[in-house]
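Protein sequence lines, in the order shown, are assigned to chains A and B. Residues in the first sequence are numbered consecutively from 718, following the working numbering. Residues in the second sequence are numbered consecutively from 381, following the working numbering.
Simulated from the structure, these hints should not be mistaken for laboratory data. Glycine included, every Cβ here is placed at the ideal spot set by N, Cα and C. Keep in mind that a hint or two might mislead.
Unchecked claim - Chain A side only, calculated, beta carbon under 8 Å to chain B, not exhaustive:
hint, residue
1, Val-1534
2, Leu-1546
3, Tyr-1549
4, Ile-1553
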Amino acid sequence: MDYLPTILGAAVLLPLISFVVIVLFGAAMRKAHVPTNYIATGAIVGSFVLSFTAMCIWLSVNGMPEVHEHHAEHAEPHGDSGDHDAEDHGADDHAADDHAANSTPGDGSQFISLQDETTGGSSENAHHGADALADDWYSISPPGMPTIGIGYYIDTLTVVMFVMVTFIASCIHFYAAGYMHEELHDVTDHEVTLADGKHLHRPGRFHRFFQYLSLFCFSMLGLVIAGNVLMVFVFWELVGVCSYFLIGFYIERKSASNAANKAFIMNRVGDFGMLIGLAAVWACFGTFAFGDMEVEHEGEHVTQAGLFSMVRSGPHHEIETTDDGLVEVGPAIAHAAAGQEENEQNDATNTEDGEAEDGEGESAVGAVIKEPSNFAYGLLIVAGLGIFCGCVGKSAQFPLQTWLPDAMEGPTPVSALVHSATMVAAGVYLVGRFYPMFTPEVLLIIAYVGGITLFMAATIAITATDIKRVLAYSTVSQLGYMMLALGIGGWVAGLFHLITHAFFKSLLFMCSGSVIHACHTNEMTEMGGLRKKMPWTAYTMLVGCLAIAGAGVPFVIGLSGYYSKDAIIAQAISFTNVNPAHKVLFFVAAGGAAITAFYMFRLWFMTFAGKPRDQHVFDHAHESPKVMYVPLVVLAVLAVCVGWSIPMGTSEATGAEQQLGVSALLETARPVGTVDGAGTGVDWEVVYPAEADSHAEEIHITATMVAFGTAVAGFLLAFVMYGLRRISADEVAKQFAPVHGFLRNKWYFDELYHILFFKPTHFVAKLVARFDRRAIDWVIDGTAKVARKVSDTGDAIIDKGLIDGLVNLMAGWIYSVASWFRNVQTGKLRQYVLFIVLGTVVLFVIIEYSSFLGSGH
Amino acid sequence: MGFHDQISSLVEDTQRSLAMFGPELTLCGTIVLLLLSRLILGDRLSSTLVAFAGTVVALIFALFSWNEIAGTSQEAFTGMLVVDTFTVFFRIFLMAFGVLFVIFTWRSGIPDKEDAADFYTLALGSLLGMCLMVSANHLLIVFLAVEMASVPSYVLAGILKGRRKSSEAALKFAVYGAGAAGIMLYGISLIAGIVGTVHLPSAGQSLANIMANDPSGGVLWVLGLGGLMIMVGLAFKLSAVPFHFWAPDVFEGAAAEIGGFLSVASKAAAIGLLVRMAVGFGYAEEPQHAEPVAQQAASQQALADQSPGTNAAAANPEDGVFVSTNSAQDGAQQPSDNEQENTSEQTPANDGAEDDGAAAEAPSEDAAHTADSLAPVRTYISYLVGLLAAITCTFGNMAAYGQTNIKRLLAYSTIAHAGYMMFAVAGALPLIGTSTSNAEYHIASLAFYVVTYLFMNLTAFAIVAFMRNRTGSEEISDYAGLIRTSPGLVVCFSIILMSLIGLPPLAGFAAKYVVFSTLAESGLMLLLMIGAINTVISLFYYLRVVKAMCLEEPAEGQQPVTFPIWKSVDGWFVLVLTLPVVVFGVFWGPLHDWALAACRDLLP
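Using the sequences and the hints, build the whole thing.
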């Protein structure tokens, strides 16, 4: 267990080493014809091996996840008592029930829980998240300020994410070696036409591609392991900049550089909100750390409470409010409040898990711990919403969703890795990680944002004809699914879907890349019948489509998407049963499932089935090389079975049934205070049922039927329209021309933003620039030489733009003042000596007048 | 005490003191050797080699004395000097600088064969003076040490024979230095006249008594003026505005090597001395109680004559409480003291002072009280230093703005950095009143700054000197396009410049960060803001050099020189000096801890 942070830390650093090596020697290696991808691939495979080792260690130390018969013990008393169908008062009853049920000690055993050996197998730990390892590798503790560090927070979620990210990244590294092989030599970019009518001819950028990929892997893994919000933010920006580099990989193409800029700027909008959230967190708690950490404080070792323990201060780890509506914050120093047993337990766990203290912490002054005071509930909402803003940007949620489809300008392996499986899912991951900090109000907003995104993106995907854009909108839509799941209290459901989606969506992207590689076009209207030419691609992609549609034999077995989508829909039913006012969320989830099945099979049929639409393209198509389709097969196998739970017999210690599967693993990482649901809204009326309620027989059956029914409906429609071509798609489009146009134009979001933000900004900028020029002209009239110099500098530069102008204006002023200062430096010795005396006298006068002498005593 | 006893005690004291004087003695020996070797051996023994060996031995002596001194504060030469970890820290610093400087000048070849002996004699002599500056414990030694450090540097500034600018710089430097020294001496005489002693710790105690006795406005005026005048002398060494006028001319006129010497060693010694003076006047070690003014002079006389001895520091820096032997008796006296009734620190703890249980408590109250009478002094010094620092910083950065000559730019940059260092003094001083350990912690941030500053500035000047040897020019425009031909050098120089700005993750950031945290800790928010704004301003002109190197095209028909970083000793010298800038930017804990250890005995 002690080695775990080191192992995972090494897994983070390997890609960084690869990045550095390629940066330093990439150009030389290109000249020597040494393929750079060996380094990058070696690094990421190494990371994968380390991550996998870490998971094995984690499982061997903590034991296999155990399944407890939750239906019988917990869910039934109120899950099936009919309260769910009741109106508002029923909801209240439910909450009360929940409370009553949970106030009995030991009640927590109804869920899958980790058997934590370090604390004697008390299942309480799973609920506190106390089995997480948290500490700092490096920290600075400035005097009088709380510590800021580079640390880690490792729980099952971290470990699972590590394995997922490194595995998919490894597959994509292999794949990219085939996909990007053109870049090994000089490349003629046919999409860029130079002024003289020729196409751009440039040296290949093979090494640069892998260099960015390595940097990305490092940043992504750093983001996953981050032990505090600030570190998350740093890596957040790092993945952002990698995404920027990779989208703009074909920088000479106007569309690529535009898309890169768009992605970068839209993400900054989200990050602005995130910064506000960070500020609110800092103001409220005085720490950024997620977990409890052992630090030295006033000469003794104490456990400093992390954000989670502080905000979840209630006896059942709920967010507690005082009578006057303030949030009650737990003590910053955990063992200072001896009354709280769970804190002591944290302490005990941490003492054993605690890493060696870092050097800074040992300095004589020690870490300063700010004891936070209670603060307004609204501030916690602001913090949650702020952090969520960042997630909206990164995960391309409404209203910042427009950058992701444009990001498809990047090479396809990038789309598969960065823009479907990992980086864009980081927003969802952060919502999951930060979950205990979200109030029910914030969660509801998350749910609605997710729902809107899910629906909107799915509808746009119906009309898109660019194969990668269909997948991009599908990604946005699925991310919306995850957000929705998290927002309605389905923590495991959402993150489970994150993992399964990563596998099948990266598979789908890589298949589409294989198609593009073969056809040299993205347009599905030029494809068709390709399954004969490229069977490997076609059938692995079919697996991907089935997985995303959630295909399976109901109640028996299914592809990975079947399990995760079921879980989300079950949670939606469970949630809307308690909160009938939010029924729409269920319909969005169910409708989204149908649309997903429709557009995915539309894509498959258009590409691979029927007759070729463009004979020329068809003739030139060919199956991709082995290095590309072998990863497809590997991913296809995983897309089928990653959702399965494998029974592992019964535990020797407790006699409980053990399971190995992603959802069971995630259940052990459940954040503090969400076992009994995420709470009850203070400002708004919303009640969160326990996620376990959705496992109740009744809900489960309904959910499976809904999911299956919608998927089949979507599939059948696609089959009829595009497989059999019985209904002409063009005819339908004509019939619903306004709707079709609306969808084809992506709900007019780009146009809307153009009118809403771009134009007014331009207008205001021009206006201000004009005003400035006038104002400064006026100043020029009446000023002497120095001012003229200033305005000359300023005037010339305002033309370049307002921002530039302002900065330069400042610079100009300083320059003038500085030049004036320079004149004092005459070089005349006589004056210098005079200045000594003058300086002394002037200083004396200043000090005398500032009354330091007269009233000194 | 008989005459014989006095003589024997003096002899004993001298022997004891000489043992602690290893590095300085080595320097003296090296100087003698340098002069003799040229007389006797002529060219057969390289002066550079002698100087190198001498500085290395001195460095070893300095390093070895660390453990001997640790935890104690000893006076040497009848109280003229004080040797504590702070002294040793700066000795190590200066000697290490000496070693690097000798290597640097050997590579850049500024002293030709004929001059080498003179050059190193002067440089080592100046270093000796700087060692005395940081261990000064006596106002006269303060003056002597400053002069001892300055006079050789006047000559060094003019060492480039036959260059008009160099000679002019030397003359300006000398005259300006003389003027500043005169004012400083005047200030010392004013202060000494009021406090009645020139022994620094005694002067502090005496000052505490004077302040506790509600001095008249006139006395305060003279004290203030005296302090200001001493500050002028130090400000001259620090090249603080408005006493900086010599700096740009000297830096431009003298060789870059001398620029490095003056900006690093000289400035470090000056800041060390500033700390000594500020602490000496702002902090009185043993509580002294108000006596009738008539008796004061006598008692101070006694103090001044007191036989020098070892004051073992019985301090517990962890919690800022120190134990003094006569505390109970002091506590008993206190309530009867009318003049102190109205001071704020009068607490019931004093009444219980006779009680053994409360005895431990009483001294801290006492300390707080006596220190309190010096509080206005500290505020005054802090204000004065802070004011100078703010002006210096702002002016230095602004003036650097329009420079086209890289040496002149660096000259103003060093002025600005002197300002940042003085910020730390201004910030740490007021903290003495609340917690001495906290104040020590923050003085340590200054020591830390000085060390990182060595690497940044010496490397910058080294690059300038090496470039001068290759291009014969020191204009920024001649650095244009350097990235094409010498990428390694450009990377190193860029790192140095970014570190000078204070960008993370470089040492300059760490240094600036600890200094600014000092300001934040003592609540000097205005200074903090000035410092922050200045950092932004400095960004422009440092990056201008980077821009010239990386983005600008060289002038028509000119080919930038090649300076391969791997293939020459010069390159390696630059590389090895750049490395700590990066390393200390990330792992500054150990260095900071060392600086902290150096300052632990400063406020016993």
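Here's how the hints hold up against the structure:
For Val-1534 (chain A), the shortest C-beta to C-beta distance to chain B is roughly 6 Å, which falls under 8 Å, so the interface hint holds. At about 5 Å, the closest approach between the beta carbon of Leu-1546 (chain A) and any beta carbon in chain B falls short of 8 Å, and the interface hint on this residue holds. Restraint check, Tyr-1549 (chain A) versus chain B: the minimum CB separation of about 4 Å is within 8 Å; hint holds. The interface hint given for Ile-1553 (chain A) is met, as the beta carbon of that residue sits about 5 Å from the closest beta carbon of chain B, less than 8 Å.
The structure meets every hint from the earlier list without exception.
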